[in-house]
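Engineer: Counting along the sequence shown from 1, when you hit position 201 you're at 201 in the working numbering, and nothing is skipped either side.
No lab work stands behind these hints: they were computed from the structure. Small disclaimer: the values here were computed from a predicted structure and weren't measured. Any given hint could turn out to be false.
The calculated label-pair distances, taken between Cβ atoms and stated as ranges, are [claimed, not checked]:
hint, residue 1, residue 2, range
1, Asn144, Ala46, 33 to 41 angstroms
2, Asn45, Trp205, 21 to 29 angstroms
3, Lys33, Gln203, 37 to 45 angstroms
4, Thr142, Pro195, 17 to 25 angstroms
5, Lys200, Ile7, 43 to 51 angstroms
6, Arg204, His132, 30 to 38 angstroms
7, Thr120, Thr182, 17 to 25 angstroms
8, Ala177, Asp131, 21 to 29 angstroms
9, Leu11, His132, 28 to 36 angstroms
10, Ala60, Thr142, 33 to 41 angstroms
11, Ser14, Gln136, 39 to 47 angstroms
12, Ala46, Tyr201, 28 to 36 angstroms
Ideal placement from N, C-alpha and C gives every residue a C-beta, glycine not left out.
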Amino acid sequence: MKDYSLIKTCLINSFSRNLNCKNGQLKIYRGAKLDLHSTAKIDLNADLHMNMYHFKGSKAEGYLKMHENSKLHVNGEFKVFYGSTIQIFKDAELTIGKGYINSNSVIACSKNICICDGATIARGVYIYDGDHHKIQDDKGNTLNPSKPIFIGENVWIGTNSVILKGVDIGKGSIVAAGSVVTKNVPPNTIVAGVPAKIIKYIQRWG
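Please construct the entire structure, taking both the sequences and the accompanying hints into account.
Structural biologist: Written out as C-alpha coordinates, the structure is:
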(Lines of atoms letter the chains of each structure in order from A; the text may use other names.)
(Lines give C-alpha, C1' and ligand atoms only; values in the text may rest on other atoms or scores of the structure.)
Protein backbone atom coordinates (compact mmCIF):
# COMPACT_ATOMS: atom_id res chain seq x y z
CA MET A 1 0.00 0.00 0.00
CA LYS A 2 1.54 3.28 -1.14
CA ASP A 3 0.63 5.25 2.01
CA TYR A 4 2.78 2.93 4.08
CA SER A 5 6.01 4.53 5.38
CA LEU A 6 8.70 1.86 5.46
CA ILE A 7 11.32 4.23 6.88
CA LYS A 8 9.18 5.50 9.79
CA THR A 9 8.02 1.99 10.55
CA CYS A 10 11.55 0.59 10.60
CA LEU A 11 12.81 3.41 12.81
CA ILE A 12 10.12 3.19 15.47
CA ASN A 13 10.15 -0.61 15.62
CA SER A 14 13.95 -0.72 15.79
CA PHE A 15 14.66 2.08 18.24
CA SER A 16 11.57 2.98 20.30
CA ARG A 17 11.77 1.90 23.94
CA ASN A 18 7.98 2.00 24.08
CA LEU A 19 7.62 -1.04 21.84
CA ASN A 20 7.98 -4.72 22.63
CA CYS A 21 7.91 -6.28 19.16
CA LYS A 22 7.17 -9.95 19.81
CA ASN A 23 5.41 -11.18 16.67
CA GLY A 24 4.27 -7.87 15.21
CA GLN A 25 5.11 -4.30 14.25
CA LEU A 26 3.61 -0.84 14.61
CA LYS A 27 3.03 0.11 10.98
CA ILE A 28 2.90 3.83 10.23
CA TYR A 29 0.82 5.23 7.36
CA ARG A 30 0.68 8.76 6.00
CA GLY A 31 -0.79 11.18 8.56
CA ALA A 32 -0.31 8.93 11.59
CA LYS A 33 0.63 10.95 14.69
CA LEU A 34 2.10 9.27 17.77
CA ASP A 35 2.50 10.83 21.21
CA LEU A 36 3.93 8.19 23.55
CA HIS A 37 5.00 8.97 27.11
CA SER A 38 8.43 7.56 27.93
CA THR A 39 6.84 5.08 30.38
CA ALA A 40 4.10 3.88 28.01
CA LYS A 41 4.41 0.32 26.70
CA ILE A 42 3.07 -1.40 23.58
CA ASP A 43 3.19 -5.21 23.39
CA LEU A 44 3.00 -6.22 19.73
CA ASN A 45 1.96 -9.85 19.38
CA ALA A 46 0.61 -8.89 15.94
CA ASP A 47 0.71 -5.88 13.61
CA LEU A 48 -0.99 -2.60 14.50
CA HIS A 49 -1.71 -0.43 11.44
CA MET A 50 -2.11 3.29 12.17
CA ASN A 51 -4.10 5.60 9.85
CA MET A 52 -4.86 3.28 6.93
CA TYR A 53 -6.95 3.66 3.78
CA HIS A 54 -6.67 7.33 2.85
CA PHE A 55 -8.50 8.67 -0.15
CA LYS A 56 -6.21 10.08 -2.82
CA GLY A 57 -5.01 13.55 -1.75
CA SER A 58 -6.43 13.23 1.76
CA LYS A 59 -4.56 14.90 4.63
CA ALA A 60 -6.56 13.12 7.34
CA GLU A 61 -4.58 12.36 10.47
CA GLY A 62 -4.94 9.51 12.95
CA TYR A 63 -3.71 9.63 16.53
CA LEU A 64 -2.25 7.29 19.11
CA LYS A 65 -1.63 9.05 22.42
CA MET A 66 -0.41 7.14 25.47
CA HIS A 67 0.02 8.73 28.88
CA GLU A 68 2.23 7.84 31.84
CA ASN A 69 2.46 4.09 32.62
CA SER A 70 -0.24 3.23 30.09
CA LYS A 71 -0.26 -0.13 28.31
CA LEU A 72 -1.45 -1.34 24.91
CA HIS A 73 -1.57 -5.07 24.15
CA VAL A 74 -2.03 -6.01 20.47
CA ASN A 75 -2.98 -9.70 20.33
CA GLY A 76 -4.24 -9.83 16.75
CA GLU A 77 -3.71 -7.76 13.60
CA PHE A 78 -5.63 -4.52 14.17
CA LYS A 79 -6.29 -1.79 11.60
CA VAL A 80 -6.98 1.81 12.58
CA PHE A 81 -8.49 3.66 9.61
CA TYR A 82 -7.72 7.29 8.78
CA GLY A 83 -9.03 10.00 11.09
CA SER A 84 -9.47 7.82 14.17
CA THR A 85 -8.01 8.28 17.65
CA ILE A 86 -6.80 5.91 20.34
CA GLN A 87 -5.99 7.58 23.66
CA ILE A 88 -4.85 5.64 26.74
CA PHE A 89 -4.68 7.64 29.94
CA LYS A 90 -2.34 7.32 32.94
CA ASP A 91 -2.09 3.76 34.33
CA ALA A 92 -4.81 2.52 31.95
CA GLU A 93 -4.67 -0.65 29.86
CA LEU A 94 -6.12 -1.36 26.41
CA THR A 95 -6.13 -4.85 24.89
CA ILE A 96 -7.13 -5.41 21.26
CA GLY A 97 -7.44 -8.53 19.14
CA LYS A 98 -7.82 -9.07 15.41
CA GLY A 99 -10.18 -6.52 13.86
CA TYR A 100 -10.51 -2.91 12.79
CA ILE A 101 -11.87 0.50 13.69
CA ASN A 102 -13.21 2.60 10.82
CA SER A 103 -12.73 6.32 10.19
CA ASN A 104 -13.46 9.13 12.67
CA SER A 105 -13.89 6.83 15.65
CA VAL A 106 -12.45 7.19 19.16
CA ILE A 107 -11.27 4.75 21.81
CA ALA A 108 -10.55 6.61 25.06
CA CYS A 109 -9.27 4.29 27.79
CA SER A 110 -9.19 5.62 31.36
CA LYS A 111 -9.03 2.27 33.18
CA ASN A 112 -9.35 -0.95 31.18
CA ILE A 113 -10.84 -1.81 27.79
CA CYS A 114 -10.63 -5.23 26.14
CA ILE A 115 -11.70 -5.72 22.51
CA CYS A 116 -11.56 -9.37 21.41
CA ASP A 117 -10.92 -10.92 17.99
CA GLY A 118 -13.34 -10.20 15.17
CA ALA A 119 -14.22 -6.65 16.19
CA THR A 120 -15.94 -4.69 13.42
CA ILE A 121 -16.14 -1.08 14.57
CA ALA A 122 -17.83 1.26 12.09
CA ARG A 123 -17.40 4.98 11.41
CA GLY A 124 -17.97 7.54 14.12
CA VAL A 125 -18.02 5.12 17.04
CA TYR A 126 -17.03 6.31 20.54
CA ILE A 127 -15.83 3.85 23.19
CA TYR A 128 -15.30 5.46 26.62
CA ASP A 129 -14.67 3.65 29.92
CA GLY A 130 -14.68 6.92 31.89
CA ASP A 131 -16.33 10.33 32.00
CA HIS A 132 -13.05 12.32 31.88
CA HIS A 133 -14.35 14.76 34.52
CA LYS A 134 -14.81 13.78 38.16
CA ILE A 135 -18.12 14.36 39.90
CA GLN A 136 -17.76 14.53 43.67
CA ASP A 137 -20.06 14.73 46.66
CA ASP A 138 -19.68 17.18 49.55
CA LYS A 139 -17.14 14.85 51.21
CA GLY A 140 -14.90 14.69 48.16
CA ASN A 141 -15.90 11.15 47.18
CA THR A 142 -15.88 10.42 43.46
CA LEU A 143 -19.36 9.54 42.25
CA ASN A 144 -18.45 8.54 38.69
CA PRO A 145 -15.35 6.29 38.70
CA SER A 146 -14.12 4.69 35.49
CA LYS A 147 -15.34 1.13 34.86
CA PRO A 148 -13.90 -1.51 32.48
CA ILE A 149 -15.39 -2.30 29.08
CA PHE A 150 -15.30 -5.80 27.57
CA ILE A 151 -16.22 -6.37 23.91
CA GLY A 152 -16.43 -10.07 23.05
CA GLU A 153 -15.46 -11.95 19.90
CA ASN A 154 -17.11 -11.11 16.56
CA VAL A 155 -18.98 -8.04 17.73
CA TRP A 156 -20.21 -5.52 15.14
CA ILE A 157 -20.62 -1.95 16.39
CA GLY A 158 -22.63 0.21 13.99
CA THR A 159 -22.01 3.74 12.77
CA ASN A 160 -22.23 6.60 15.30
CA SER A 161 -22.76 4.31 18.28
CA VAL A 162 -21.47 5.09 21.77
CA ILE A 163 -20.19 2.42 24.17
CA LEU A 164 -20.09 3.69 27.76
CA LYS A 165 -18.24 2.54 30.87
CA GLY A 166 -18.91 -0.71 32.69
CA VAL A 167 -20.39 -2.47 29.66
CA ASP A 168 -19.85 -6.12 28.66
CA ILE A 169 -20.88 -6.84 25.05
CA GLY A 170 -21.34 -10.56 24.47
CA LYS A 171 -19.84 -12.65 21.69
CA GLY A 172 -21.50 -12.45 18.27
CA SER A 173 -23.66 -9.41 19.04
CA ILE A 174 -24.55 -6.40 16.90
CA VAL A 175 -24.95 -2.83 18.11
CA ALA A 176 -27.19 -1.01 15.64
CA ALA A 177 -26.20 2.36 14.20
CA GLY A 178 -26.74 5.34 16.49
CA SER A 179 -27.14 3.31 19.66
CA VAL A 180 -25.92 4.31 23.12
CA VAL A 181 -24.92 1.21 25.10
CA THR A 182 -25.18 1.73 28.86
CA LYS A 183 -25.82 -1.86 30.04
CA ASN A 184 -24.48 -5.34 29.32
CA VAL A 185 -25.39 -6.93 25.99
CA PRO A 186 -26.02 -10.72 26.00
CA PRO A 187 -24.26 -12.88 23.38
CA ASN A 188 -25.84 -13.26 19.93
CA THR A 189 -28.25 -10.36 20.18
CA ILE A 190 -28.98 -7.18 18.27
CA VAL A 191 -29.41 -4.07 20.40
CA ALA A 192 -30.59 -0.66 19.25
CA GLY A 193 -31.74 2.68 20.57
CA VAL A 194 -30.95 5.29 23.21
CA PRO A 195 -30.37 3.64 25.58
CA ALA A 196 -29.76 0.41 23.66
CA LYS A 197 -32.24 -2.44 24.19
CA ILE A 198 -32.48 -5.97 22.82
CA ILE A 199 -34.53 -6.14 19.63
CA LYS A 200 -33.61 -9.59 18.31
CA TYR A 201 -31.73 -12.80 19.06
CA ILE A 202 -29.51 -14.18 16.28
CA GLN A 203 -27.38 -17.24 15.52
CA ARG A 204 -24.59 -15.47 13.65
CA TRP A 205 -23.75 -12.58 11.35
CA GLY A 206 -21.16 -12.01 8.61
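Engineer: Of the numbered hints stated previously, which ones are contradicted by the structure, given in increasing order?
Structural biologist: none
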